[in-house]
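Engineer: Each chain, written out:
Number of protein chains: 2
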Amino acid sequence: MSETQGPENYGKVALIGLGLIASSIFWAMKRAGMDSHVTGYARSAETRETAKRLGLCHEIVDSAEEAVKDADLVILAVPVGAMGPIAEAIAPHLKPGCTVSDVGSVKKEVIEAVRPHLPEGVNFVPTHPMAGTEHSGPGAGFASLYDNRWCLIVPDGASEEATARVEAFWQALGAKTEQMEVEHHDLVCAVVSHVPHLIAYTMVGVADDLRRVSDQEVIKFSAAGFRDFTRIAASDPTMWRDVFMTNKQATLEILGRFTEELFALQRAIRTGDGQLLFDYFTRTREIRRGILQAGQDTDAPDFGRVKVEK
Amino acid sequence: MSETQGPENYGKVALIGLGLIASSIFWAMKRAGMDSHVTGYARSAETRETAKRLGLCHEIVDSAEEAVKDADLVILAVPVGAMGPIAEAIAPHLKPGCTVSDVGSVKKEVIEAVRPHLPEGVNFVPTHPMAGTEHSGPGAGFASLYDNRWCLIVPDGASEEATARVEAFWQALGAKTEQMEVEHHDLVCAVVSHVPHLIAYTMVGVADDLRRVSDQEVIKFSAAGFRDFTRIAASDPTMWRDVFMTNKQATLEILGRFTEELFALQRAIRTGDGQLLFDYFTRTREIRRGILQAGQDTDAPDFGRVKVEK
Ligand SMILES: NC(=O)c1ccc[n+]([C@@H]2O[C@H](COP(=O)([O-])OP(=O)(O)OC[C@H]3O[C@@H](n4cnc5c(N)ncnc54)[C@H](OP(=O)(O)O)[C@@H]3O)[C@@H](O)[C@H]2O)c1
Ligand SMILES: NC(=O)c1ccc[n+]([C@@H]2O[C@H](COP(=O)([O-])OP(=O)(O)OC[C@H]3O[C@@H](n4cnc5c(N)ncnc54)[C@H](OP(=O)(O)O)[C@@H]3O)[C@@H](O)[C@H]2O)c1
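For the protein sequence lines, the chains are A and B, in the order given.
So in full-length UniProt numbering, spot 281 of the first sequence is number 281, and the numbers just go up one at a time.
So in full-length UniProt numbering, spot 57 of the second sequence is number 57, and the numbers just go up one at a time.
Please note: incorrect hints may appear among the correct ones.
Intra- or inter-copy, both count: the list cannot distinguish identical chains.
No farther apart than 16 Å at their CA atoms in a straight line, the calculated lysine to aspartate or glutamate pairs in the EDC-like style are these [what the hints assert, rightly or not]:
1. Lys-95 with Glu-183
2. Lys-220 with Asp-147
3. Lys-176 with Glu-253
4. Lys-248 with Asp-62
5. Lys-108 with Glu-134
6. Lys-248 with Asp-273
7. Lys-30 with Glu-112
8. Lys-69 with Asp-147
9. Lys-108 with Asp-208
10. Lys-108 with Asp-35
11. Lys-220 with Glu-178
12. Lys-248 with Glu-161
13. Lys-248 with Glu-59
14. Lys-176 with Asp-70
15. Lys-220 with Glu-286
16. Lys-176 with Glu-217
If you're looking for bench data, these hints aren't it; they were derived computationally from the structure.
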């Protein structure tokens, strides 16, 4: 079997949604030398035009139904809230025995929304590539987005063979894969991603609101810590609205823990309990050490940011 | 006047405290070709030994009193809570007419703690270089830490000449300077730095606490947003305890606003008000745009992080 005929190679792949995640999939497939024929569809004519101009996909078509025709692998790469309606629309047009996958950041509600529409014999293999930037749209993707990042696979009754092929596909794109149970997935993501995003959005909103501190000052002095919040809080509003609307339970649970802890620290500040703060701040250092040891970040000053010259 | 005899050049400079901030001052002075004689003191013999080994300062002495003898510029670079006692100790040994400065992250309480001890005729010029990393100690400093960063000057009755010299000094180290009124300083810093740090510490604490999500998973999947919080939350516990103990009022005020906003978003999640979330997330994008336009960050994927190979 030549490299381009491995299990990760599907004859025809359909990308539904042509934003950051889908366009990065296409560029990474190209880099990997896969010879699949890739069809793409996005909701707006504007995005479809941009995709054509960028050379994204081998063919851009005007409906999701048309895109999935004859496809061996269909990847739903639209906001989480749009997955159900799309699945319903494409279901009658799916090739028997094909594999349907999605890349949504939330898994339980997506599975519940997609699964009932899929015909018997179609394999559904939900995934979640843990990679992204704050940019979105067809022009945002790049081939190395998934390199060394985790792509979580949340099995939902697909055949072992179908699941293994999707895993091989993501590995060919550069990712490391791991299977995770659906509810655990949504909880882990609430902790490492969803609640941190909500908090960052909130902090940026507070700064923006504060009339006594001008936006100008917030921007000028942002390197003191705030800047990293603004990066996170620049992510796509539609995507994040959908994440919070669909991962409600885990988000609210982690938020509850967060405010409980925050109130304890706030109380220590008010009462002058320096020891409590010191102990808390000492404990949190350990996690950072673990992340550096695991090679998940750089220790370079200023995050190894490319130097910004004025 | 040759470059090394400009107003930024002091004949003798004393650095009290030899951590990230002081060591970076020394290396930046060296890079700028200043010919001041620099004396250093730190509390522990261990830090003093390390400083000697690293070639930090021209002379390391065993007491703050000795360090400030004959100094034209004395810079207090110890945690905020240690400023008052140090000022009291050195006061009788200060050269008449010299300039005392500090680099504390909080200004109101530091000024109140230091000012009463200083003799008539000594100029006190409080400063706050808005630059740092999560590392601390004598080995953490580097010459370019202040390049293009802001150093805020909070005038407290020093002569115009003394203030201008301190500004020139910081500019020679690479910083941009700006004067700011003391209460406004503490509020701005609460917004752009102190509360973001507290929130990051809290989020990392929550993740660490959560038994159902292992530390291992938190570390593995940290790149999804959480990682940037751990970076902030790895900062020195003593420094940050002191910041919150001394900038209590502004911190509690901003924290109050933060929880108020967070509850509004939490409520929107609970009640399914997607429009509120969408509008909120759209608004916060603007601030990010301002930061990029102001050259305060890079737009590169993954913050322009140096690629971490496994
Ligand atoms: N960005 C991340 O960090 C990240 C990471 C992991 C997973 N994900 C998940 O990946 C998925 C896509 O995210 P993305 O970052 O690629 O988003 P994106 O860049 O905003 O692109 C979204 C794409 O979906 C299309 N779309 C939106 N609503 C649609 C609808 N109702 N019907 C049909 N098409 C629709 C958009 O078309 P138009 O351009 O025509 O509107 C666009 O092509 C989301 O489920 C997200 O949760 C994102
Ligand atoms: N790091 C930042 O991001 C940052 C940014 C702007 C301003 N600042 C401010 O700069 C100051 C110094 O911070 P840093 O980051 O340089 O801290 P650091 O790296 O932890 O160094 C602190 C230095 O102060 C000495 N010290 C501590 N307690 C002392 C005491 N009671 N008496 C005498 N010396 C004492 C320490 O000596 P030993 O090593 O012997 O304990 C050490 O040399 C703080 O006021 C901080 O608020 C920090």
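Engineer: Look at each hint and say if it fits the structure.
Structural biologist: To see whether the hints hold, each was checked on the structure:
Within a single copy, Lys-95 and Glu-183 get their C-alpha atoms no closer than 30 Å, and across copies no closer than 67 Å, so neither meets the 16 Å cut-off. For the homomeric pair Lys-220 and Asp-147, the shortest alpha-carbon distance between copies (14 Å) is at most 16 Å, but the shortest distance inside one copy (33 Å) is not. In this assembly of identical chains, Lys-176 and Glu-253 lie within 16 Å of each other by CA distance neither inside one copy nor across copies; the values are 28 Å within and 44 Å between. In the homo-oligomer, the alpha carbons of Lys-248 and Asp-62 never lie at most 16 Å apart, since the shortest distance is 33 Å inside one protomer and 58 Å across protomers.
When the C-alpha separation of Lys-108 and Glu-134 is checked against a cutoff of 16 Å, the pair qualifies neither within a copy, at 24 Å, nor between copies, at 37 Å. For a Cα distance limit of 16 Å, the shortest separation of Lys-248 from Asp-273 across copies, 12 Å, qualifies, whereas the shortest one inside one copy, 34 Å, does not. Taking identical chains as interchangeable, the C-alpha atoms of Lys-30 and Glu-112 are never at most 16 Å apart, the minima being 32 Å within one chain and 64 Å between chains. For a Cα distance limit of 16 Å, the shortest separation of Lys-69 from Asp-147 qualifies neither inside one copy, at 30 Å, nor across copies, at 57 Å.
Taking CA atoms no more than 16 Å apart as the test, Lys-108 paired with Asp-208 passes in neither setting, with 34 Å inside one copy and 24 Å between copies. Within a single copy, Lys-108 and Asp-35 get their C-alpha atoms no closer than 33 Å, and across copies no closer than 66 Å, so neither meets the 16 Å cut-off. Taking the closest pair of Cα atoms, Lys-220 and Glu-178 come within 16 Å of each other only across two copies (11 Å); inside a single copy the shortest separation is 41 Å, beyond that limit. Proximity of Lys-248 to Glu-161 under the C-alpha cut-off of 16 Å is found in neither arrangement, the shortest distances being 33 Å within a copy and 59 Å between copies.
In this assembly of identical chains, the alpha carbons of Lys-248 and Glu-59 never lie at most 16 Å apart, being 37 Å within a copy and 60 Å across copies at closest. With identical chains, the CA atoms of Lys-176 and Asp-70 are never at most 16 Å apart, being 28 Å at best within one copy and 61 Å at best between copies. When the C-alpha separation of Lys-220 and Glu-286 is checked against a cutoff of 16 Å, the pair qualifies only between copies, where the shortest distance is 14 Å, while the shortest distance within a copy is 31 Å. In this assembly of identical chains, Lys-176 and Glu-217 lie within 16 Å of each other by CA distance solely across copies; the values are 14 Å between and 41 Å within a copy.
Figure legend: structure checked against the earlier numbered hints; hints not met, in rising order: 1, 3, 4, 5, 7, 8, 9, 10, 12, 13, 14.
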